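Colleague: Chains as they are written, first to last, in the working numbering: chain A, 1 to 382; chain B, 1001 to 1294; chain C, 2001 to 2420.
Don't read these hints as lab results, they were simulated from the structure. As the structure is a prediction and not an experimental result, all values here were calculated from the model.
If we take Cβ atoms under 8 Å as the criterion, some of the chain A residues that face chain B in the derived model are: (1) G165; (2) Y321; (3) V331.
As a list, the in silico SDA-like pairs of lysine to any residue whose alpha-carbon atoms are at most 20 Å apart: (4) K2203(C) / L99(A); (5) K2369(C) / A2357(C); (6) K2030(C) / Y185(A); (7) K2235(C) / G1131(B); (8) K1142(B) / D2288(C); (9) K2417(C) / Q168(A); (10) K2054(C) / F37(A); (11) K2030(C) / I199(A); (12) K2054(C) / V2097(C); (13) K2030(C) / G90(A); (14) K2318(C) / Q2307(C); (15) K2217(C) / D2268(C); (16) K2186(C) / G2213(C); (17) K2030(C) / A89(A); (18) K2203(C) / T2411(C); (19) K2318(C) / N2308(C); (20) K2235(C) / I1138(B); (21) K2030(C) / R114(A); (22) K2093(C) / A2346(C); (23) K2340(C) / V2096(C); (24) K2387(C) / D2304(C); (25) K2054(C) / T2098(C); (26) K1142(B) / T2269(C); (27) K2235(C) / G1262(B); (28) K2070(C) / T1219(B).
Across the chosen pairs, the derived CB separations fall in these ranges: (29) T2266(C) / H1091(B): 51 to 57 Å; (30) T2362(C) / G104(A): 33 to 39 Å; (31) V2397(C) / G1058(B): 27 to 33 Å; (32) G2213(C) / I1115(B): 51 to 57 Å; (33) G2213(C) / E111(A): 39 to 45 Å; (34) I1115(B) / Q2313(C): 28 to 34 Å; (35) A1276(B) / L334(A): 36 to 42 Å; (36) C2045(C) / Q1279(B): 53 to 59 Å; (37) A2348(C) / L334(A): 52 to 58 Å; (38) G2402(C) / L1077(B): 57 to 63 Å.
From the three backbone atoms N, C-alpha and C, an ideal C-beta is built for every residue, glycine too.
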Amino acid sequence: MNTFRSLWATTWFRLLVGLAIGIVVLFVLAPAGLSDFRLSLLARFLCVAMVAVGIGLAWGQGGMLVMGQGVFFGLGAYLMAMHLKLADAGPGGVPDFMLLYGTGELPVWWEPLRSPAVTVILIVALPALVAGVLGYLIFRRAVRGAYFAILSQALVAAFAILLIGQQQTTGGTNGLNGFRGFFGYDLNDPANQRMLYFIAAAVLVGMVLIVWQLRRSRFGELLVAVRDQENRTRFLGYNPALVKTVAYVIAAVFAAIGGALFVPIVGIISPADVGVVPSIAFLAGVAIGGRATLLGPVLGSIAVSAAGSGLSETFPAAWTYFQGAVFILVVGFLPGGLAELVGRVRRLPARRRLRPDPTTASTTGITSGIDAPGPDTERIHA
Amino acid sequence: MEVIAAQLFAGASIGSVLLLAALGLSLTFGQMGVINMAHGEFMMAGAYTAFVLRGLIGDPNISLPLALVVGFGVGGLLGLILHRSLLSRMHNRPLDTLLVTWGVALVLQQLARDIFGAPNVDVPAPTWLAGPITVFGIGFPKARVFIIVLAVAAVVGISLVLTRTALGRRIRAVSQNRDLAEVSGISSPRTDDLTFFIGSGIAGLAGVALTLLGSVGPTLGQNYIVDAFLVVVVGGLGRVKGAVIAAFGLGVLQAFVELSLGASLAKVLVLLAVVAFLQIRPQGLVTIRTRSLA
Amino acid sequence: MTAVPRRPIRATLALAAALTMGLSACGGAKVSADGTAAANNAASCVDTSGDSIKIGFLNSLSGTMAISEKTVNDSLNLAAEEINAGGGVLGKKLQVVTEDGASEPTKFAEKARKLITADCTAAVFGGWTSASRKAMLPVFEGANSLLFYPVQYEGLEASKNIFYSGATTNQQIIPALDYLREKGAKSLYLVGSDYVFPRTANKIITAYAKEHGMEIKGEEYAPLGHTDFSTIVGKVRSANADAVFNTLNGDSNVAFFKEYRNAGLTADTMPVMSVSIAEEEVGGIGVDNVQNQLVAWNYYETVDSPQNRTFVQAFKAKYGQNRVTSDPMEAAYTSLYLWKAMVEKAGAFDTAAIQNAADGVTFDAPEGKVTVNGQNHHIAKTARIGKINGTGLIDSVWTSPGPIDPDPYLTTYPWAKGLS
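Construct all of the structure, not just a fragment, from the sequences and the given hints.
Modeller: If you want it as structure tokens, here you go:
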């Protein structure tokens, strides 16, 4: 018990150090060292990382392979984009694309989004409601594992086709773009783009803190219990469906907030950002970083986004191979992600540890103390 | 009346394509719990096999029937390699197989792009499949009739293998109770290899058939993979009968909804119908009763 | 599992609160009252001091659109090579920065921003889908830089920061309709992919048909990437229109034409007029499936002119004898030369000077003489209706008497009132 305590103490300490480093990098080093263009790129990566934090909770802790986060990312993004379009159009105005391609009249369901307050509330509430109802229905019927993954894919496919098909009211394949202001601030002003970066960074840190608390709470333990032994948890008197739904809702809300911030930072949202393929791509960073760790998903997701941006600039074909290879190697041979690799290196006897790589060492410092779980134990009962 | 007949045929035709795409999946996913996202790329490999053979032989009248056989082999071989190298060590991690095979799918797509080029290639149809057959004044495209026949033949073939051969008994035994099968002297790795070979082979076959209907390009598989999984899930895991009902059911639904609401909305409604259906029957249409708490 | 000791969450809350507060009100300019953003405040970083000048090529080299956009990238590179061989622009060699749009509108916006602000290119050439152009438009307007867009599109746009070297609707769709009407088509069936261009095109076609007493027998949209056309072709068949107007995009054309032929329909029984199929696409669809069908563009490889012979020869010498040239490739090639002519007329590389000099700039393009319209930034182009021949190339069967002035908002057509 003593050894456990001291170990725990150090992990908790390491976590704090890691967070502190993260905050310094995000709030001091990055803004000081990066050009406006690179900073806004990083801001976009942070939005994607928000989705990853949620996936880390639902998948890493809860064992739900959420392959349809595009739906919630898209809901948040489109709600925000609709509001920005309406704000640009001015009171009583109609977004430009509706005049060009639609009837020139505002659909009723756009109307509430004129209000900034309603928009902000809806960005959180609508995905939460959708995920809550959907999740509870699905989990209550014990749809899980592969079924759940494929079901989420079907949903995201339907969502994307619907967005494309309703061109007059959603912008179709063009999506929504050409925003001038963000709650009154001019989006063309570099100072405002920096402000958006800081907002994104702060929100991301906030999400990590929330997940950290959740993992240490009774709920976090229940979630892991449901992942590893759903039936036993049920026999103990808990409602696994409820536990899973809560995690699913949190993941959905995080994705939606990521989407909502994505819109003013990137300046566009289109169905290409919410379909089946981007939904799977969200998982890549989480898998690579270590799905069951606290900071693994964040770091992995930012690394994948950065690699995508950098590698695709120079070698478009190599990028696809790289992405494929990463999925095969990491998920196939290292299910715990790079965090697991770090853990394995650490567990080697001291004498065999020749010159530990400084980068991996720092990653260790910021992985959570909760042990990475074994691989998914779900079996399909045919 | 003519419209209903035409749409029933269209539905059967869509269903037969879905069935060809899903039949192999139903084997590998259902019997072995492996979620193979690269299944679509095996179809693509089959389609490119048809393209290469037609280039070698020249006459599509001869190359297409040959491609059906070779395509089966190519798909099966790819499946065997994938299973041996990666999936055999992941049987207890079904969700992870999904992501690993997604990676394989990306690599195969890019390989196709590098070998055959990004643009679509043309695989001409045999002359004996050109144009329609007219029955009672309604024209039925021969290519589609051919695919329906092919799908039915594949179903009958698989059913016979599963129910009438020693291999089929082994496959069923392993899928129903792996441990008990092992104890009874069945080599489960060998059985899995064969199951994967057959399942992926059907994907190759489906790819060859698809050259009659659509484009042959690196992303061919992507167009079918989600639909194919839905068929398997709705049908019930590993049940050939379920897959058949699901494929034709979804095909007819798509065809009739499309008639009045257009293709986009039809697609959305079919997807949502599947989601709703799984609420009612989470285990699919046809299930094996087990005592396990699923 | 051992219970995790519970800690007060106060520390976390305090930290979170501090962070939120730390978000100082560091905002910049607000949107001005009249609704126009305080744009153009970003000073251009284009370096014109050296003996070279940077330009950007932004095409999808990966993803679903790579099939088409790679070819545009090829012809842009050809043009840049030729211009450099000829001494460059204002004595400066072109230094090309290539970026991959990856078929995603978001990527296009990001890469456009990179080309303008990080690479400091003087102008950017590229884009294909409407979605990619719409995504880049605010970036170019915000930074007051220039984009040259080489593809036919749905019109209803005229940004000061974009030059459109492809056809707008009155240079492609309306001539196509005129041709069909002239050939005696009294009724049409409209088939398109479900996105902006087909829907806008079909609105225009419907208005045109109403004005000229043609009947629209039906209008069908398929989701992008749709692979099963049995129902749609069935409807087309039973509607028995005089012609089909096809605005399908990409792969769907293959499935559509295979189904069309399988159903026993041919160019003789019911001709199809397509506006998105060029020489490059014919190979993938299969010549047998589209032979004798009609297309509408401004350029074909078979155009008989000295400029085109030089262009085709140079292209094949550089990229291989089996390659073909198509309308968007020619428009991209032309756009680089037009930019060169504008810069030389302006005597400077900056945006305002080029905008002022643009009007009336001409170039003897492979398609014929083109002239820039300084008002709407489109170019006057010759319309051509073509018929796909047995070798996969396209023969002109009708050519407009001269270049048609661009009219992206169709203001000169009374029946098109209320469309935009």
